[in-house]
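Trainee: Sequence:
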Amino acid sequence: PQCIEYYLDSFVFPLTMEHHHDKVSASGQDLGGNMLFGRRVGFSGTPSDLLPEELGQCQYDDGVDGQILHYLTTESIMSSRMLGTDWSATNILDQIATNDPPFHVLIDTGALITGMSNYEVAKYLLTNGLSKSFDGVVFLDHKDRKMILLRQGMVVV
45 PQCIEYYLDS FVFPLTMEHH HDKVSASGQD LGGNMLFGRR VGFSGTPSDL LPEELGQCQY
105 DDGVDGQILH YLTTESIMSS RMLGTDWSAT NILDQIATND PPFHVLIDTG ALITGMSNYE
165 VAKYLLTNGL SKSFDGVVFL DHKDRKMILL RQGMVVV
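Just so we're aligned, residue 45 is where the sequence shown starts under this note's numbering, counting upward by one.
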């Protein structure tokens, strides 16, 4: 066994397997910078001071901060709830599914719903009280494709 290992390590592997001493890595911030493209039309993402340096500081349009604050505090379109210390992903989904009037969109920006795929969340909502006025739930699959889980027959289209 040692003789075979020596032969493989010394002669076979160096000739047949490429080996790179450097590892290339990048973040979304790097991708918006000069690393890949000398010129960019725009950079999508949350406006912040964490933009690639090459793009400069984010410049908001006049009044945008006020509009955001207005929408976040307008009770006719937004609501907030305090979660107890014993909250769980399914507890949150139960509240969403049974809310009256029903919610039409779930965007989990805080990543509170964990341990479930988007399909599993869609199925959970449909089987745990989501208004019968909804024929299905739209979700993104593991390849980020828009899918619909239909209530009738629980089939994905």
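If you're looking for bench data, these hints aren't it; they were derived computationally from the structure.
Note that the coordinates shown come from a computational prediction; the quantities given were computed from them, not determined experimentally.
Hints should not be assumed to be uniformly reliable.
To be verified - Taking lysine-lysine and the BS3-like style, the derived pairs with C-alpha atoms no more than 27 Å apart in a straight line are:
1. K190 <-> K167
2. K176 <-> K190
3. K187 <-> K167
Trainee: When the structure is checked against the list of hints, which entries are broken? Sort them ascending.
Mentor: none
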